[in-house]
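Participant: The chain contents come next:
Protein chains: 2
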Amino acid sequence: MNQLCGTSSIVGCQFTLSPMSERYVDIILFALKEVNMSKVWSETDDVSTCIRGKQIHVFDVVRAIFLHAAKTGEHIAMSGTFSIGCPGDSAADVYMDESDIALNKDDTKEIDQLAGCKFALYPLGREDYMEKIYEQIDWSKETEVNVSHSHYATRLDGKVNDIFNLLQNVFDQTKQDVSHVTMTFTLSANSPTGKAKEVKVS
Amino acid sequence: MNQLCGTSSIVGCQFTLSPMSERYVDIILFALKEVNMSKVWSETDDVSTCIRGKQIHVFDVVRAIFLHAAKTGEHIAMSGTFSIGCPGDSAADVYMDESDIALNKDDTKEIDQLAGCKFALYPLGREDYMEKIYEQIDWSKETEVNVSHSHYATRLDGKVNDIFNLLQNVFDQTKQDVSHVTMTFTLSANSPTGKAKEVKVS
Ligand SMILES: [Ca+2]
Chain X
55 MNQLCGTSSI VGCQFTLSPM SERYVDIILF ALKEVNMSKV WSETDDVSTC
105 IRGKQIHVFD VVRAIFLHAA KTGEHIAMSG TFSIGCPGDS AADVYMDESD
155 IALNKDDTKE IDQLAGCKFA LYPLGREDYM EKIYEQIDWS KETEVNVSHS
205 HYATRLDGKV NDIFNLLQNV FDQTKQDVSH VTMTFTLSAN SPTGKAKEVK
255 VS
Chain H
55 MNQLCGTSSI VGCQFTLSPM SERYVDIILF ALKEVNMSKV WSETDDVSTC
105 IRGKQIHVFD VVRAIFLHAA KTGEHIAMSG TFSIGCPGDS AADVYMDESD
155 IALNKDDTKE IDQLAGCKFA LYPLGREDYM EKIYEQIDWS KETEVNVSHS
205 HYATRLDGKV NDIFNLLQNV FDQTKQDVSH VTMTFTLSAN SPTGKAKEVK
255 VS
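Protein sequence lines correspond, in order, to chains X and H. Quick note: the first sequence uses my numbering, first residue 55, plus one each step. Quick note: the second sequence uses my numbering, first residue 55, plus one each step.
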């Protein structure tokens, strides 16, 4: 199998947006309609949506989709993976020529939405990957977001905009040293249980 | 930071189950109630559920939760990550002493549910990680499940039981060679769009 473009700087995010509501189709379509996606490549099927392009625009669009869905007040989950340097990814892409002006920032920066998030960072192909992970967790603790340990993940609690700033910084800092990085995340907003009421299921 | 138990054989799965329905709380509670979780450690909070124990029981329980949720007929998404050998994971756990008899197999093996799935395998700490991934993708094509390429993931279409058998085999085979493995997955069942009607959102 060909291993293409391990040094490509194209960033991708494959995610599933799940509004826990009968109106989930309307909410997903509403969120997508509210977001300006003209600077990214995108494709949606029955399992997930994939966004590809420059890092700044991929994060801008994913953040905006989550915020516009969450502002409906419904319980919204979003799980996905950010990737860069995937050897299977295609290199040439017109979307890499876009300018660095994020198109959705003005619309989303004032949305004051809280969320819980769990994320995990996977620097690939490196024996020192755990050092890279711990560096980023240590750095995360200096931010506005509440950072705690969870099984197989780091938990973040705070404003969605602060959480996305943190995720984007962690991803950006890691890719400086590591050519292939993936970062998984799950966000939850408007949960009726909330963080204060963690429950055991067994 | 201490790096504990890189050779621990405890398997974990952190996942988010999302029924796209007003009744999502009932559906989640129903699915959890239908599943025998006595051989695994589990914890649920507002973002996700974590299941830990022997590999056979972790896969058995996650599969059963998805199948019991999907048999309600509602559109169900489940996104998660299976892990083994995580240096932050705790070693000693009474659940590792359980026998290898899967408690939910009799209840779930006859549930004839179709789903779409995207998964990605991350063998960590290894420079030859892409070879391990390609070996497993090649092997997957020999199974009952329809395997296709997707951005940043491999797509599977088929019966949920066949999909979980494939995921468990991929994970099991990879861990023979690699001490720290994670595998992300997103499953979607009862989607009104289905695979035949892939749509572009932009
Ligand atoms: Ca309803």
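Honestly, the hints are just simulated from the structure, not real lab data. Hints may contain errors.
The list makes no distinction among identical chains, and a pair is therefore deemed to hold if it is satisfied within one copy or across any two copies.
Stated by the list, open to error - List time: in silico SDA-like cross-link candidates among lysine to any residue, alpha-carbon distance up to 20 Å: (1) K87 - E196; (2) K213 - S75; (3) K195 - Q227; (4) K213 - D99; (5) K229 - M184; (6) K229 - R180; (7) K186 - D161; (8) K125 - D166; (9) K87 - K229; (10) K213 - E198; (11) K87 - T247; (12) K186 - G139; (13) K125 - D151; (14) K159 - M184; (15) K159 - S96; (16) K159 - V79; (17) K87 - R77; (18) K195 - E88; (19) K159 - K186; (20) K87 - T197; (21) K186 - K213; (22) K163 - D80; (23) K229 - H205.
Participant: Run through the hints listed earlier and report the numbers of any the structure violates, in increasing order.
Facilitator: 1, 2, 7, 9, 13, 14, 16, 18, 19, 20, 21, 22
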